[in-house]
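S.K.: One-letter residues, chain by chain:
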Amino acid sequence: MTEAKKPIAVPKKAVKKDDIVKVDLWSTFTKGIWKENSIFVMVLGMCPSLAVTSTLEAGLGMGILVFIILTISNLIISSIRKFVPSTVRIPSYVVIIATEVTALQMLVNAFASDLGETLGVYLALIVVNCIILGRAEAFASKNKVVPSILDGMGTSIGFALSLTIIGFVREFFGTGMIKLGYILPLPFQIELFGGFGLSKYSIGILTAPPGGFLIIGLLLAVFTAKANIKKAKEAEKEKAEKIKKALEIKAKLEAAKAAAAAKGVEA
Amino acid sequence: MDLLAILISSLLINNIILMQFLGLCSFFGVSTKMKSVVGMSLAVIVVILLSAAITWPIYRFVLDPLGITYINTIAFILVIAALVQLTELVVKKVSKSLYKALGVYLPLIATNCAVLGVALTNVASDIPYSEALVYALGSALGYSLVIIAFAAIRIKLNAANTPKALKGIPIALITASLMALAFMGLAGII
Numbered sequence: 001m002t003e004a005k006k007p008i009a010v011p012k013k014a015v016k017k018d019d020i021v022k023v024d025l026w027s028t029f030t031k032g033i034w035k036e037n038s039i040f041v042m043v044l045g046m047c048p049s050l051a052v053t054s055t056l057e058a059g060l061g062m063g064i065l066v067f068i069i070l071t072i073s074n075l076i077i078s079s080i081r082k083f084v085p086s087t088v089r090i091p092s093y094v095v096i097i098a099t100e101v102t103a104l105q106m107l108v109n110a111f112a113s114d115l116g117e118t119l120g121v122y123l124a125l126i127v128v129n130c131i132i133l134g135r136a137e138a139f140a141s142k143n144k145v146v147p148s149i150l151d152g153m154g155t156s157i158g159f160a161l162s163l164t165i166i167g168f169v170r171e172f173f174g175t176g177m178i179k180l181g182y183i184l185p186l187p188f189q190i191e192l193f194g195g196f197g198l199s200k201y202s203i204g205i206l207t208a209p210p211g212g213f214l215i216i217g218l219l220l221a222v223f224t225a226k227a228n229i230k231k232a233k234e235a236e237k238e239k240a241e242k243i244k245k246a247l248e249i250k251a252k253l254e255a256a257k258a259a260a261a262a263k264g265v266e267a
Numbered sequence: 001m002d003l004l005a006i007l008i009s010s011l012l013i014n015n016i017i018l019m020q021f022l023g024l025c026s027f028f029g030v031s032t033k034m035k036s037v038v039g040m041s042l043a044v045i046v047v048i049l050l051s052a053a054i055t056w057p058i059y060r061f062v063l064d065p066l067g068i069t070y071i072n073t074i075a076f077i078l079v080i081a082a083l084v085q086l087t088e089l090v091v092k093k094v095s096k097s098l099y100k101a102l103g104v105y106l107p108l109i110a111t112n113c114a115v116l117g118v119a120l121t122n123v124a125s126d127i128p129y130s131e132a133l134v135y136a137l138g139s140a141l142g143y144s145l146v147i148i149a150f151a152a153i154r155i156k157l158n159a160a161n162t163p164k165a166l167k168g169i170p171i172a173l174i175t176a177s178l179m180a181l182a183f184m185g186l187a188g189i190i
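Just so you know, the protein sequences line up as chains F and Y, in that order.
So in the working numbering, the last spot in the first sequence is 267, and the numbers never skip.
So in the working numbering, the last spot in the second sequence is 190, and the numbers never skip.
Simulated from the structure, these hints should not be mistaken for laboratory data.
Distance condition first, Cα-Cα at most 27 Å in a straight line; then the derived DSS-like pairs of lysine-lysine: (1) F:Lys31 <-> F:Lys144; (2) F:Lys237 <-> Y:Lys164; (3) F:Lys35 <-> Y:Lys164; (4) Y:Lys167 <-> F:Lys230; (5) Y:Lys167 <-> F:Lys239; (6) Y:Lys164 <-> F:Lys31; (7) Y:Lys167 <-> F:Lys237; (8) Y:Lys167 <-> F:Lys226; (9) Y:Lys93 <-> Y:Lys35; (10) F:Lys230 <-> Y:Lys164; (11) F:Lys233 <-> Y:Lys164; (12) Y:Lys167 <-> F:Lys231; (13) F:Lys252 <-> F:Lys239; (14) F:Lys31 <-> F:Lys237; (15) F:Lys242 <-> F:Lys226; (16) Y:Lys164 <-> F:Lys239; (17) Y:Lys167 <-> F:Lys31; (18) F:Lys250 <-> F:Lys263.
So that you can see chain F by itself, here it is in the shape it has in the complex (with noise of 0.2 Å):
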């Protein structure tokens, strides 16, 4: 009997494991993105997050910096994993990410000298940014090459995407303008709503290092209230549930013991 069931199981297992492969690479492209964001949820990598949100362009040119070395240095580690022995492996990731940075660093001071300045030594800082070599231990090291790419595009684009958004409140709020063009080397120089009027109600302080802590501190709470809330929704529902198939099976109960009572009568 046992034999004769097992191979009618196999296939089916097999179909679901290709299933399963595939929900899982895009899966780890998009965790990264909002689910295990790595600002808002893992709260790591929060130097160049404060630093260089002071606009939003900036914040989105440290975004796409990251995004092209993430990218690069999780292709570069899942690559070498079998090689590298697993007691210099921290050291030879940071060389790793050292020659990259600094081969970017040439290049954006080359074709785009204005981000260069803008992010100064925290250009270079990208070197010890919690977040890449994370992603290289965590992730790269243990996993093959495509799925590691996918990984560290995910990761990064949750990045640039949060530092974006931080850039925007603080700019926004900051200034009463947001300025595009003026330190990414774009085609344009425009200033979104800069004709309402709204730079002299504008406070100050947000473009300043304190601004950041408080922003980043204010968006967090929001976020993690959100979360709480749909949490508390959720834990409602599953009660909601919970009672009305308690109440279902009492109703059930009942019609039996109702069904029996009327049986008695009748005997």
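Chain F is already provided as a structure; the job is to place chain Y on it using the hints.
M.R.: Same frame as chain F, now just chain Y:
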């Protein structure tokens, strides 16, 4: 007088945590227990001073004459990593009790951006050796000052009745923001 100005400026006015945002990971990660904070800040003082003392000559007498200053990031991070290992070995040999106090925090410092940040700022601003050392000392003391004060506040905060959404990191960030505001007020000293 000039050196004193640099010391005060790096200690209070351009504080490495609150104004330059360097070393924030350890700032939020470690600052929940007083004992670990003191250990961490001692280790940071030692490593920042040593790394500043070594990276400046390397830049000036090796990288600069050879015309390869562009690899300073790689060179410095390797120097710092080696230095951290060496400090760990020396401390282990010299004092068992100090090793017990610092041991856990030393490896973490290799990726602390404060150390690399100070070394890079020193060579980028092109200051003489004495000023570089004083800047490193001021930054390291400023790091310790802020992280110890912050830990004291956070221990009180844990007992306070904060709103649910603000618990943990958000209220810590807002506290840091208020501290940064207070430190901004010190800008008039010099």
